[in-house]
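Student: Chains as they are written, first to last, in the working numbering: chain S, 1 to 325; chain A, 1001 to 1302; chain R, 2001 to 2396.
No lab work stands behind these hints, which were simulated from the structure alone.
Don't be surprised by glycine CBs; every beta carbon is placed ideally from N, CA and C.
Any given hint could be a false lead.
Stated by the list, open to error - Quick partial rundown of chain S residues pointing at chain A, CB under 10 Å, derived from the structure:
hint: 1; residue: Q93
hint: 2; residue: A98
hint: 3; residue: A99
hint: 4; residue: P240
As the list claims (entries may be wrong) - With a cut-off of at most 30 Å between alpha-carbon atoms, the simulated DSS-like pairs for lysine-lysine come out as follows:
hint: 5; chain 1: S; residue 1: K294; chain 2: S; residue 2: K221
hint: 6; chain 1: R; residue 1: K2006; chain 2: S; residue 2: K221
hint: 7; chain 1: S; residue 1: K252; chain 2: R; residue 2: K2006
hint: 8; chain 1: S; residue 1: K252; chain 2: R; residue 2: K2118
hint: 9; chain 1: R; residue 1: K2182; chain 2: S; residue 2: K252
hint: 10; chain 1: S; residue 1: K252; chain 2: R; residue 2: K2032
hint: 11; chain 1: R; residue 1: K2304; chain 2: S; residue 2: K294
hint: 12; chain 1: S; residue 1: K194; chain 2: A; residue 2: K1240
hint: 13; chain 1: S; residue 1: K252; chain 2: R; residue 2: K2304
hint: 14; chain 1: S; residue 1: K252; chain 2: R; residue 2: K2021
hint: 15; chain 1: R; residue 1: K2032; chain 2: S; residue 2: K221
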Amino acid sequence: MPELSYREAVRDALVQAMRRDDDVFVMGEDIAEMGGSMGVTMGMLDEFGPERVRNTPISEMALVGTAIGAAIQGMRPVAEVMYEDFLTLAAEQIVNQAAKHRYMSGGQLTVPVTIRTQGGAGWSPGAQHAQQLEAWFCHVPGLKVVFASTPEDVRGLLWSSIYDDNPVVFFEHRTLYPIRGEVPEELEPIPLGKARIHREGEDVTVIAIGRLVHDALEAAKQAEAEGISVEVLDPRTLLPLDEAAIVASVQKTNRAVVAHEAVARMGFGAEVAAVIQYQAFDWLDAPVERVGSKFSPLPFSPAMEQYVVPHADDVLAAIRRTVGR
Amino acid sequence: MLLIRRFEEMVEERFRAGELPGFLHVAIGEEACAVGVCAALDEGDVIASTHRAHAHTLAKGTPPNEVMAELYGKLEGCSHGYGGSMHLYDVERGNLGANAVIGGGLPGIVGAALAFQLRNEPRVALAFFGDGATNIGTFHESLNLAQLWRVPAVFVLENNHWAESTPASQQLPIEDLTLRAAAFGMKALKADGQDVEAVYAAAAEALDHARDGRGPVFLCLDTFRFSGHYVGDPQIYRPKGEVQMLRETQDPIEHLRAKLELPDEEFAAMDAEVHAVVDASVEFAKNGTDPRPEDALKNIYA
Amino acid sequence: MAVEVKLPRLGQGMESGTIVKWLKAEGEPVRKGEPLYELDTDKVTQEVEAEADGVLLAIEVREGEVPVGRTIAVIGAPGETFEVTAPAPAAPAASPVAPVPAEPAVPAPPTANGGRVKASPLARRIARERGIELRGLVGTGPEGRIVAEDVERAAAGAPAPAAAPAAPVEGVELVPLTSLRKTIARRMTEAWQAPAFQITMSADMTRAQELRARLVELQAGEGAKPTISDVLTKVCAAALMRHRAVNARFAGDAIELHPTANIGIAVALPGGLVVPVIRSCERRTIAELANARADVVGRAREGKLTQADLDGGTFTISNLGMYGVEGFVAVLNPPEAAILAVGAIEEKPVVRDGDLEIVPLMHMTLTCDHRSLDGATAAEFLGTVKAFLEEPGLAL
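Given these sequences and hints, build the entire structure.
Tutor: Next comes the structure, spelled out in structure tokens:
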């Protein structure tokens, strides 16, 4: 099987969609000649030209809102918000407009817009360039939210997001861009709303997203050596959530850990824990553990940044706690 | 214009009778803006409206029955009971929706215009908004981007000199709002918003300009709001006598009637016809179907 | 590297099994895939295969009930040393003799919690299902929490100190419950919780008997001889396809309507009742059903049924006709919506159009779960069964 980096995988989905479909175009800050601040759209200007690979001024509301307007007219724009911290600026258009147009009109239109963004800590980006805000958007009826963690998943899911007729907020993680992984020869669309089990196990289920999927797999390897069999499940789509897969897994293992880089309090993990608590109550042999960043903005100084953000050993500690060690 | 006037008066009446839920904002006094602009639109052009949407919606062609039914929250309403007064949509007739967020619809109009441009369609996207909206971020970002990309959009400012209860002097540091367009290098036109023919002419010019690919246009219409911000607004913030004076001197319907030298009987006959239509719309709405409670969970996702 | 053989979870919901006998002795070589021991689960006795090559170094548990996951043997290289990691049980597994009142080897009960016992939801459920008292158990979880393992260990270990009989009465033989008997007891109790109602009808079996006789003629020794039961199975399947609400299972917050009729046939065995399921009966001919029935009943009698034979039923037929029973009421087979009890076919006098006729009648009683079915639906279904039996051509 061929190998692509996560970054290349995102680009591949965009390029293939744009080749197939004139209605797909990308817009964002610095995405044309520069190829995007994360290099995702590198080379696309040459192939598709400035009409379909559009640089925008620094206007998140207009950038996202324009994409929404074009989507309502039947195009499939992919808007890039450079850092997910800046979703806060575009949030009015995402939450008040994109998520609600179909509903408020009584079903008269669709908004097939995809809003791509990235975020995450590492290498001291500072408090305003490193947030993980996926939970906010999982709270808005009318939106779909995706957060893939491998090259294969990000490619297949971005394609499906572009072709989903609903507004999708598509999260990428900056430290995942360089990781390489096997991808199918032909792009295989991955349906939204389906989890993926990376590793099967018997003793505890770790439900992880984004960067923490990889940390969870590392922790699982270590746990195995300690005699704990860990199942690692990546929901991949956060909204709609594959509750059935999560519950089935916990019913099998009787223990659960939820892990994400976002702040633990009121994070996506809180919803998963509630789902597990409710639907798998009689199967739980230990409380559901949540692994996430400590409740603080992200500090600049590396030692402090490392302290706030979760790592593989935090996941391992949680795993051990579930089996009573 | 007369239809809109009588419709809006009926809305005030029905609201006071306790029959209409939610927030309502009527455009009494601003009829010429809606009618003049919408009359100049081509088939295929689209509009986005504001919280004060009844006039635009009726002028764009949605039958009064469907608008009134929507205000009553019935399935037969243009938004099938899901939107209400501030979210009137009629996508088939080119009405992309009324927006309760000030300036919320502007970026979407830029997007629609962009789509027309990319697909080479001779269509124009038009946004209505008020003077209050010229202060908000989406206004500036939208005009900036529209002009930068020269998309076929028209931005229609209905300047009634009030942002809810805040007069122009307390919210606008400038008087000539066409300067707001000049800041972006955008072509700006002005017209008397109480003169429906002047509005129509200016709108036609603006639409031509945009449709020709010469870039977006900012159309500034000077108008007056005879009613309060919302239905039920006691307007304690308004100088005494202002509304009375405006009704007497600035009524767009009276202006047109005088210009056309319409005989009283003809006007009365027209008025009676319009009253009948409006009365019928209330009947239609009252006899409409209430959505089932569980219908609330439909139409969230495609 | 020595490999621990642990009791596997062979079916959904299986929490323990009873080792019946070892098929290999200590010191014997073993190959992966070879049958290693016989295990009696809730419903079937089956052979369990070895999962590794090597020599059976040790048998940790010779026989008796063992919780799932417990180490029961070790396979490795000859002469290899090993250590079994699972905790040793408090007492040897229950042996099939009269229960001895156990000695409660208990630390102080957790009254520190104001009388509340700290136990995980899973531990509570297992305790509930097995009738084990939580109070008095040692909790090995964090902060002394009782976890599932603690309850399972208690269940496998010393039997609960029940109110022991003062002294066994002379001549009374105490037969301990086998796994199978326990299962029957549990499921029948469960069934009794469902709000059930019964409808009865009698069917004129003249045409059904003629059909059966004809089929036996035609079949002429090939395969199993079709019986009235097989005709009944086919008729019920056809009726279930027309009354889909009866081909259902109650799922707590929903009713599952199944697309195909998987009919369970109640089979009486010396040890108890089993209900093997014949799948998709509506798609099989009566002859095919006869063969399927003969196979599954044969295997039931030999104790060779698998889990798959017992799962997935949507309807059950119980026939006590061969015992001369005229009619009876069967207990529901939960979560199935209905069960049909039939009696013997007997010549009875019947009035038809004012004339007295002698007619071979079969008494049928349909027991229904009122959570899934109402009387009218059930009556319509049974009416269809009767109509099809009385005129089989109608089912075609």
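Student: With reference to the structure, classify each hint as holding or not holding.
Tutor: Quick rundown of the hints versus the structure:
A distance limit of 10 Å between C-beta atoms decides the matter here; for Q93 (chain S) the minimum to chain A is near 6 Å, and the interface restraint holds. Taken as an interface hint, A98 (chain S) checks out: its beta carbon lies about 9 Å from the nearest beta carbon of chain A, inside 10 Å. For A99 (chain S), the suggested interface contact is upheld, since its CB lies about 9 Å from the closest CB of chain A, less than 10 Å. Taken as an interface hint, P240 (chain S) checks out: its beta carbon lies about 8 Å from the nearest beta carbon of chain A, inside 10 Å.
With a C-alpha separation of about 25 Å, the suggested pair K294 (chain S) and K221 (chain S) falls inside the 30 Å cut-off, and the hint holds. Pair hint K2006 (chain R) plus K221 (chain S) holds up; C-alpha atoms about 22 Å apart against a cutoff of 30 Å. The hinted pair formed by K252 (chain S) and K2006 (chain R) meets the criterion: a straight-line CA distance of about 17 Å does not exceed 30 Å. As the CA atoms of K252 (chain S) and K2118 (chain R) are separated by approximately 22 Å, the hinted pair is consistent with the 30 Å bound.
Taking the CA atoms of K2182 (chain R) and K252 (chain S), the gap is near 24 Å; set against the 30 Å cutoff, the hint holds. A C-alpha spacing of about 26 Å is found between K252 (chain S) and K2032 (chain R), which places the hinted pair at or below 30 Å, so the restraint holds. With a C-alpha separation of about 57 Å, the suggested pair K2304 (chain R) and K294 (chain S) falls outside the 30 Å cut-off, and the hint is violated. A C-alpha spacing of about 64 Å is found between K194 (chain S) and K1240 (chain A), which places the hinted pair above 30 Å, so the restraint is violated.
For the hint pairing K252 (chain S) with K2304 (chain R), the CA-to-CA distance comes to about 28 Å; that is within 30 Å, so the pair holds. For the suggested pair K252 (chain S) and K2021 (chain R), the alpha carbons sit about 28 Å apart, so the restraint of at most 30 Å is met. Annotation: proposed proximity of K2032 (chain R) to K221 (chain S) holds, straight-line Cα distance about 26 Å (limit 30 Å).
Of the hints listed earlier, those the structure fails to meet are numbers 11 and 12, in rising order.
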